[in-house]
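Asks: Here is what each chain is made of, one letter per residue.
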Amino acid sequence: MLLPWEYGVRNLARRPLRTMLTLAALSTVILLVFVVVGFIRGLEKSLSISGDRDVVLVYSVNSEENIENSAIAARTPALLAASVEGTQQRFGVTHVSPEMYLGTRVNTDENNGGLGLVRGVTTGAPLVRRSVKLIDGKWPSSGEVIVGQLAAAKLGYDKQDLAIGKQVVFENKTWEIVGQFAAGGAACESEIWCNLADLQTATKRQDLTVVALLLEPGSSTAEIELFCKERTDLELRALGETDYYQSLQQHYKPVRILAWLVVLLVSGAGVFAGLNMMYGAVAGRVREIATLQAIGYRRRAILLSIVQEGVLLAAAASLIAGAIALVLMNGLAIRFTMGAFTLRIDSVAVLFGCGIGLLLGVLGALPPAIKALRAKVAVSLKAV
Amino acid sequence: MALVELRGVSKSFTKGEETITPLDEVDLDIQAGEFVSLMGPSGTGKSTLLNLISGIDRPDRGTISVDGVEVTGLSRSKLADWRAANLGYIFQTHNLIPVLTTYENVELPTLLLKLSKSQRRQRVELALEAVGLTDRANHYPRQLSGGQEQRVGIARAIVAHPKVVVADEPTGSLDAQTSEQIQTLLQRLNRELDITLLMVTHDRDVAGIASRKLVLDQGKFVDSETAITMGV
Ligand SMILES: Nc1ncnc2c1ncn2[C@@H]1O[C@H](COP(=O)(O)OP(=O)(O)OP(=O)(O)O)[C@@H](O)[C@H]1O
Ligand SMILES: [Mg+2]
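Line by line, the protein sequences give chains A and B.
Note that my numbering has the first sequence beginning at 1, numbered continuously upward.
Note that my numbering has the second sequence beginning at 1001, numbered continuously upward.
Quick caveat, the hints were computed from the structure, so don't treat them as lab data.
Interface residues of chain A toward chain B, partial, derived using beta-carbon atoms under 10 Å:
{"no.": "1", "residue": "Asn11"}
{"no.": "2", "residue": "Ala13"}
{"no.": "3", "residue": "Lys382"}
Fair warning: this is a prediction, and the values are worked out from it, not measured in the lab.
Even for Gly, the Cβ is constructed at its ideal location relative to N, Cα and C.
So here's chain B without its partners, still in its complex pose (with noise of 0.2 Å):
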């Protein structure tokens, strides 16, 4: 069984009298230790498919599930306490809490699990070191720049030992040399880490560091030859 198991999953959204269904009947495998990257035109629901498996928005049909655990028949309050201890998010512009230091944003989901607080303090040291942040613990997000921010970002989503790691264009808004740090510290926390990955990107190098590539379009995965001939 995979790790992630997309069956049948829709969702569709009224705008007006407009719908518009930027996920239709799709079917995704996503196996542990993978990393998958997902491209496709803007607004063809690579988002919204994020948010689906990381259950923060539901789909009006269809199943998912991560490791076994069917993530659509959670609730709200469920959900929530699954994804402390399982998905870790990636955003495009890295989200960190202003007030809290760098220290304390990676810390902030390690709370929410059972862990003393030697645990937790291993944890959090372990992740900012992977992302090589050891010397900013005590930074405020202000003072950091924007490829730091990012990369206490990534600590975020990874000090949990999560089974699933999302990112949404995680590069999306770094320039170019910071943007290769990131594919690389990604791919090592893939390799070295073991960490599951399903990232989204516009950038066809970005999306080369993947060992798949997808293609999301009109609702559907087309395979990437397809999309490559279609010049997306």
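Just chain A, with the same shape it has in the complex (with noise of 0.2 Å):
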């Protein structure tokens, strides 16, 4: 038989002062949780959906992972459309995107010196990158740009700095904002886009970056891949776009491995926050547990009640953490090298956080627990 769930309740208000310490001290724990898992969480989610799978990235050979260090020669795509079967053409348009990327400064009246990442783009590049849709103005004309929705995140800027009608400055020339674009979270969003022709006169280069080609449903990589090895003097390489975020997964692997380190730290910094808090309030009730062992109590009941005392304050502390998390910190840009993206609390990170939490308040309780049960009733039923 079970304590009557009172008593855990009211010996949490027993000492109240250590309590709500205790509970704001939970509460910061749990939420660093939340933030720590949200952005992995925005990070996986930010690269996972980056990729589309008929998407195929035709880039230089020799730069390595880094797409922005790759160059290749202008004529690539009409080489490409040429030679390749399988790509998708839909009244007489090839799906193909030839683009030019690179991270450059980019300025605007109120700030200086944020680190952009800019894309110079042709009308194919909608016709290939399926997910990027525009919300609000139009698509660039000479001397214009759109920007993704993380873009001024990205920069560090306020959002209203990069609304349209305002201007942007970038390879020493002046760009007016025109429109704004959305792709689901995925990389590009991050970015601004131009006319390719305008970045080229601009940067004074005629190469481009990458190729991105939409495939046709059912068509592979491999005939592309093939055309890459064979054109050896044009030295390009193609990935599948899906496999290319994989790869910067891969790449973002210590960052993760490093977040999920915080988390278990400060879940550690948690646990001695709670197992402070339940030793002390044990420790003035040894003789209160002796008491209710000799009335009749199992050892099993006794632990669970102290137990329960734990998890009740956890749980307080995630819900309070959690209301936060959500409220707060949901869709929080974050700035980061490859782009932006945004804080994710989503079923997975509430779940953790709240596991998280209520396994501090079972840690936190169950060493003063089995201590104070582990004393012999008839010697702690004389302690004071």
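Combine the two chains into a complex, taking the hints into account.
Replies: Printed below as a string of structure tokens:
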């Protein structure tokens, strides 16, 4: 038989100040867990939805994993279109997107020095980059740009500074913002897109960074890969977009491991906060616990009651932390080297945060409870 | 057969080099309905004896049975269950749970029994009535006087209708007047509710209310006349 529920609840109110302090400490810890898990989830999500399975990226074989370093000949798209089958075609238009991609300083009237990601594109881009949707304004013509939803976050600027009608300066040229686009959380949401020819003029370059091709459903990358291998003079390599982002995920593995480590360490600190309080709480109750045993309560029932106390407190802390995380942190934009993404306090993050919270309660309460129950009842009954 | 039977019960404690034997081959019979008082110099093992009978502690040798159940042979969790149904313990310092009200404190032992809600309620109300605290049911221990707290402790000890109630200096920390109230109460419980009582006390007057007086000294029971001449 268990002890009445009220016993655990009211015990928490016995030392209100200490309970409140522990509640604050546990809430902070769990909030941190939420943030870190939300960070990991956001990062993973941004990378995992960034890839389109039907899109193949063709870029320089010398650029290693980093597409930004790639430089390929301007005639590559024409060559590809002529030599490779399997690229999607509709109304006589081949779905190919030649692109120039670079990281550069992007200034506005109000801000300076933010490192932005700029992509010069043609009208082929929206055909291949199917997740991109113009949510406001129009497609850019010469001297104009459209900005991704997270571009401001990536730059560390106010969102208003990249509003339609404002101007940005990069590569010694002033551009007018004429539109805004979303990409369902994909990496390119933190980019600024402009006309490819404009960007080539501004940078005094003729080359491209990457060519993206949309395959017909059912065709594979094999043919394109073969083409790249045969034409060694072009120094090209082809990679499915999903594979590309998968390799990026790999690349960010240390970051994720570090983040999990933070979760672990922070949780460890939380266990100590719980332990500290529960040891204190139980130490002052030695005789009471012995009395309960003398009345006929089994040790397991008393143990459960003490654990229930810890769990109750941790659950309250989880609730507070969860509410703060959902209201204040969810969707918060995070700047990151490869772009920006939003904190995702999704069901997994919530489950994880609350799970850690409950674990804190149990781990914090168990050792003091076990210690108290190990003592001999006859001896504890005499304790002061 | 007696309600409580101790046969050859020994218990010793070792403290470093020294071994103390508070109980040395003790035999004792307590009949149902008896009110037994237990006196003896401090440190002779009176509390130890109560703890052995209530299964809180175990003897080194010998057997203890209560109402035919050999307590000394039960496992720890079985002992807990047995205590819940068969034994009431009145402490010197009432040992009430501070976060529970009078009613809830008295209710605690009944939660361990197979009773319906209304049966439980009835038991608690009867116990509170027996100790005259019906009007204090919703008070917390800190809102009660020392004597009232002890009465709650007594109600808690009898609420499960135990076969035996042991009391370790129940009046030990009360003033003379309150002590007298408690004595009267214990006597009434024994006479009117037929509760079998074993009570440890240092006060000869308190011991006087019992139907039988025992004195423990040097690990053995001595009869009370000898004890008086010894000046215990
Ligand atoms: N857990 C223990 N460990 C070691 N010695 C103990 C333990 N419990 C009791 N003793 C010793 O056993 C002896 C009897 O103790 P007990 O508490 O039964 O005495 P008592 O007769 O109740 O004394 P008092 O009248 O002062 O309450 C004492 O000498 C005490 O020091
Ligand atoms: Mg004693």
